[in-house]
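Chemist: One line per chain: the protein sequences are A and B, in this order. Just so it is clear: in the first sequence, position 302 is 302 by our numbering, and no numbers are missing. Plus 324 on top of the position in the second sequence (first one is 1) and you've got our numbering.
Misleading hints may appear alongside valid ones.
Example chain A residues on the side facing chain B (calculated, C-beta under 8 Å, incomplete) [claimed, not checked]: (1) D121; (2) T139; (3) E144.
If you anchor each label on the Cβ, the simulated ranges turn out as follows [unchecked claim]: (4) P573(B) / H260(A): 52 to 58 Å; (5) E577(B) / Q15(A): 36 to 42 Å; (6) G478(B) / K298(A): 22 to 28 Å; (7) D615(B) / E263(A): 56 to 62 Å; (8) S26(A) / G368(B): 30 to 36 Å; (9) R264(A) / Q415(B): 25 to 31 Å; (10) D189(A) / S629(B): 53 to 59 Å; (11) E263(A) / N425(B): 23 to 29 Å; (12) S569(B) / E266(A): 55 to 61 Å; (13) D189(A) / H618(B): 57 to 63 Å.
For lysine to any residue, the following SDA-like pairs were computed, each having C-alpha atoms within a straight-line distance of at most 25 Å [unchecked claim]: (14) K125(A) / Q461(B); (15) K125(A) / R454(B); (16) K125(A) / D513(B); (17) K580(B) / R30(A); (18) K449(B) / N128(A); (19) K256(A) / D232(A); (20) K152(A) / Q461(B); (21) K152(A) / S351(B); (22) K152(A) / E352(B); (23) K449(B) / H198(A).
To be clear, the hints were calculated from the coordinates, so they are not data collected in a lab. Virtual Cβ for every residue (Gly too), placed ideally from N, Cα, C.
Residues per chain, in single letters:
Protein chains: 2
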Amino acid sequence: MKMTDVINLYQQELQEVERWMTESISSEVRLISEVGGHIIGGGGKRIRPLLLLSVASACGGKGDGRYPLAAVVEFIHTASLLHDDVIDNAQTRRGRRSANNIWGNQASILVGDYLYARSFDLMTKYGNERVIRCLAQATTAMAEGEVFQLTKVGDVDITEEDYLRIIEGKTAVLIAAACEIGAIIGGADDDQVRLFSHYGHTVGMAFQIVDDALDYIAEVGQLGKSIGKDLDEGKITLPLIHALSLGTPGEKERVKAILHRSERYEGDFLWIKDFIDHYDGIGYAMKRARDFVHEGKKSLSFLPSSEDVWALYTLADYIITREK
Amino acid sequence: MKMTDVINLYQQELQEVERWMTESISSEVRLISEVGGHIIGGGGKRIRPLLLLSVASACGGKGDGRYPLAAVVEFIHTASLLHDDVIDNAQTRRGRRSANNIWGNQASILVGDYLYARSFDLMTKYGNERVIRCLAQATTAMAEGEVFQLTKVGDVDITEEDYLRIIEGKTAVLIAAACEIGAIIGGADDDQVRLFSHYGHTVGMAFQIVDDALDYIAEVGQLGKSIGKDLDEGKITLPLIHALSLGTPGEKERVKAILHRSERYEGDFLWIKDFIDHYDGIGYAMKRARDFVHEGKKSLSFLPSSEDVWALYTLADYIITREK
Chain A
1 MKMTDVINLY QQELQEVERW MTESISSEVR LISEVGGHII GGGGKRIRPL LLLSVASACG
61 GKGDGRYPLA AVVEFIHTAS LLHDDVIDNA QTRRGRRSAN NIWGNQASIL VGDYLYARSF
121 DLMTKYGNER VIRCLAQATT AMAEGEVFQL TKVGDVDITE EDYLRIIEGK TAVLIAAACE
181 IGAIIGGADD DQVRLFSHYG HTVGMAFQIV DDALDYIAEV GQLGKSIGKD LDEGKITLPL
241 IHALSLGTPG EKERVKAILH RSERYEGDFL WIKDFIDHYD GIGYAMKRAR DFVHEGKKSL
301 SFLPSSEDVW ALYTLADYII TREK
Chain B
325 MKMTDVINLY QQELQEVERW MTESISSEVR LISEVGGHII GGGGKRIRPL LLLSVASACG
385 GKGDGRYPLA AVVEFIHTAS LLHDDVIDNA QTRRGRRSAN NIWGNQASIL VGDYLYARSF
445 DLMTKYGNER VIRCLAQATT AMAEGEVFQL TKVGDVDITE EDYLRIIEGK TAVLIAAACE
505 IGAIIGGADD DQVRLFSHYG HTVGMAFQIV DDALDYIAEV GQLGKSIGKD LDEGKITLPL
565 IHALSLGTPG EKERVKAILH RSERYEGDFL WIKDFIDHYD GIGYAMKRAR DFVHEGKKSL
625 SFLPSSEDVW ALYTLADYII TREK
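In isolation and in its complexed conformation, chain A is listed as follows (with noise of 0.2 Å):
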């Protein structure tokens, strides 16, 4: 099965969801709908949605409310793309202007708060207690991670286990929220959902490692953003903890000094990257992505084979052989 299989597979849930967003955005406050339009039009991968529906499928049972929900995960998700975006003052967002470039950081924040607020609204009115639960959880570790990034950009001191600690936060808590309400509407039993958590969990890591490593080695246009954003950022990911871990103190020093420039110069960037491939940072990086892909689909072992789990593999292989 290729990834192409698996969207073809759920397409027609997918258009549901699609359905579900367009409508929830439509206000009657103009900007509302036409923000949230082009973030939601922007062309994600929709992995969340995917996610939630696959494993709800996988699980068997009815599945009440995956289209309203797995439209709430996605709001979540892109709500937190346009803080993010305002944030890092990011002026493109998979290849086209981003909402602050073209509506300014004043709309972007607001129009973030109200899918957060339309999320809310949405999972009180089509979850139970327990998706409920699952989703606040999440969105507070999101927030909580977010915040701990922040506290860390530019640190050269930061460890591997505090960047697992904000890619847990900012990415992988709200992929296993999917993969865990996912489960509960799908009727699985308590044992079940933890294991479908988990899955989520590891497939999240993955994710962020993944695109974390694309920033330093994606050709231009892949991605749809330019290499090298996290490191002007000041955000230090996995390959450059990595070689900063195995580095002399003199390179410490010399990452430190390009990091805290308030200009970066051209071949800043390539001397970093080649720091990092003197310690094979990236390889480092795509072998933990690999490991906790391994450990999300050993997570599945219980489940009977079908074409909803060949699609919870492929998912998770997608995650580590994508290109963009």
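For chain A, the structure is supplied; the task is to place chain B on it using the hints.
Modeler: The following block gives chain B in isolation, referenced to the frame of chain A:
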């Protein structure tokens, strides 16, 4: 009964709410506790918790979860202040440096998101289904109002109806929700819940109208903010809307020119203040506020006299007589 008597009456309960707030922002991520502590400790009037507590008490029921729920309502208010200050590029808040001034926009946006998430987490733990639905709708309407306000910045054709819609979203819905939740957990029947919610709505409308009027007339040091701040931000509030509705086309053009100038001259604010005074814009706004308060008090006439009811009347009167 005076405002100080009201505060004394609920002092112990308010302390419980403070304790919930302090404990709920304590996080392993120190920046969250720091920024959260700064804004929470900034000496807000705690009008929303006071209303929730006094309504719950007036209803005579047990008021389960009233302390964490009062903290939730104050957190939602506080989160919106953090984001508003970023949007308005405010340097001060209640006479102290604003959080964005001290820690930057990024921290303010993310800690605001954290407070929203934490509120949601707390209410799903301590609120029943009706309470949660009420807060879900209120936060959505709040965000919608804030975006609507943004689209009306600098628009001299803004109508009184637009203005009332903005202040309903940015202020009245959350105050109405505080009263509604107090009534729900206090065991009021459906009709009574509606009446308390209406009381909250009117008090909230009056509160914002007075706040906006004080922006034209407060002495420096009062309100903890400088005069003419709204005008600086291009926000056209009721006193000016009223003057514009009665003024000449030439006067409207002059207001428009002043608002759209990149730099404002010293005489601009004085000219606008004279223009407002000429058409008694402040008098009109205060009259509207008094009408709202009168309507709000009337909606409580079904209640037998009690200390709590007197507190609710006093709170309503305080809104229109306060100087800061």
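Chemist: Quick check: which numbered hints come out false for this structure?
Modeler: 5, 6 and 20
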